[in-house]
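Chemist: First to last, the sequence lines map onto chains Y and F. Residue numbers in the first sequence follow the numbering used here, run continuously in steps of one, and reach 359 at the last position. Residue numbers in the second sequence follow the numbering used here, run continuously in steps of one, and reach 87 at the last position.
Since the hints were derived computationally from the structure, they do not count as laboratory data. Please read these numbers as outputs of a predicted model, since none were measured by experiment. Each statement offered as a hint is correct.
One-sided excerpt, in silico: chain F residues whose CB lies under 10 Å from chain Y:
1) S43
2) E48
3) M51
4) A60
5) D61
Every beta carbon over 10 Å from chain F, so not counted as near; a handful from chain Y, in silico:
6) R168
7) T198
8) L281
C-beta atoms are modelled at their ideal positions from N, C-alpha and C, and glycine is treated no differently.
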Amino acid sequence: MTRECAASSRGSGSVLVTGGSGIVGSEVVELLRHRGWREVVTVCRRPARGSHEVVSWDIGKERPPAQLLRRWDVIVNAAADTRWTMSATEAHEANVTTVEALQSVIGDGTYVVHVSTAYAVGLKNDVSSIKLEDYRNTYEWSKACAERLVREAFPYAAIVRPTLVIGRRSDGHVARFAGVYTLLRGIAASTIPAVVSTPSSYLDVVPVDDLAGIIADTAGGWGDHNGVEVLTVAAGRTAPRVEEAVTMMVLALNAWRRERGCVPHDPPSIVSPDSWERFFLPFVRQHLSPRQRQIIELLRHYEPYLQITKPIEPTHEISDVAPCLPRSVCYWAGANERLARLPARPWIMDKRQGLGRRR
Amino acid sequence: MEREWSEYDLRQHIRSVIAAAAPIKNDVVEPTSQLTYDLGYDSLGVAELVMMLECELEVADIEPSGGVQIELVADLEDLIVGAVMPT
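This is chain F alone, in the form it adopts within the complex:
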């Protein structure tokens, strides 16, 4: 998918994918939503989610740096944004 993203649009897109694939369907998915407790993701679910986003956004394997734990929606957004739009 060739596209120039603004950071805002990219974060909104990531959030929509997270919400669409979540085992628990919540009306509101916020940056502070917890992937596990609020949205029902387990570690396999998060890995599959990242794989889907990697495929969709055409980025290679994205790894969190510095041992950052991916717990919140915002953590995953930061990870993906960092890979798609490196500073």
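For reference, chain Y alone in the conformation it holds in the complex:
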């Protein structure tokens, strides 16, 4: 979806976008303004200095500001905490309580576009379970809970479920670096000793501008909807495999590094989960520093997303995502020069002591 196609969308009402400083929210705000919506107001927890048309509201922790208590044609709820390491309480507060709080600003006829995640269906391919063990982490569990609440509370809504979001298709630009960028940061900083994955695992990514286009199109049809619909935005079967994605990311990072006279990184090894759990992990734990052990344990939160072998089935398929990865890497490197230029400190296999020491 390109900005030029926007003319076909109805738009032009009043829209409130929560999470306006986030990866998705900021892109949606920019696009809606570009499409000429009559009124686009953003909500952030702490607006940047000098920002206009941004209302400060810590959703769920404060009452809504009086200026928000009025009629809205559309509310795009992009506010969320996407960390995979939150406690259940933190996740509920960040991702469910915020939806509860929105009820005070949503009037009759307001169309809600709720940004969820394709992974809200957890391990059972369903959002109905309230059990944490049916999800990969508290983030998924809380997003499932939020979806159930959206269905109960809002008669006119769209639930948008994207996979992992990366930078714009055109130039890799993104408002913040989370999700897949954790892997990139780990490669650059040599804090990921290996990628625990299988040859058949997918890394399903969607460029943020493609996603924002779909959200804006959905918002633009605000008078035409009935009930609650679910949109899954994903590359699906055309998503790159994890090994291919990691290779592309390392190649792009090394091309950037080479241009600046930095020695290229070796790509991290891809190790199967079985080998990792049974052989590598027990062996290396004996030889790691406390900090390295801490990082290995925290990386376990990310491993489930590198071991998804069943492709997501999209309602809105995003094609040709593979070339977007190198662009996202280059953008990340430009914005994180210090990290991107770090010397490689690979985890070496010392036959006497095992994997673990950094050079």
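Knowing the structure of chain Y, use the given hints to seat chain F on it.
Modeler: The following block gives chain F in isolation, referenced to the frame of chain Y:
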């Protein structure tokens, strides 16, 4: 990196590393900036950040004492300064 740091210079350096590695790029990083909400760090990001600083400043594993939570930039500065310049 062999260097004699003044506390002021060390804090400025730590702050610059925190800002440079932050998932959210903010123009202003202050001691009161929250690592998570303002700068986008999760627990893995903080651990990697500490590891980078340990490596750069050549100090061994730094652990917060007394169950101190690292939430603000100032908390991390205090932790690192305490390790590099023990009183």
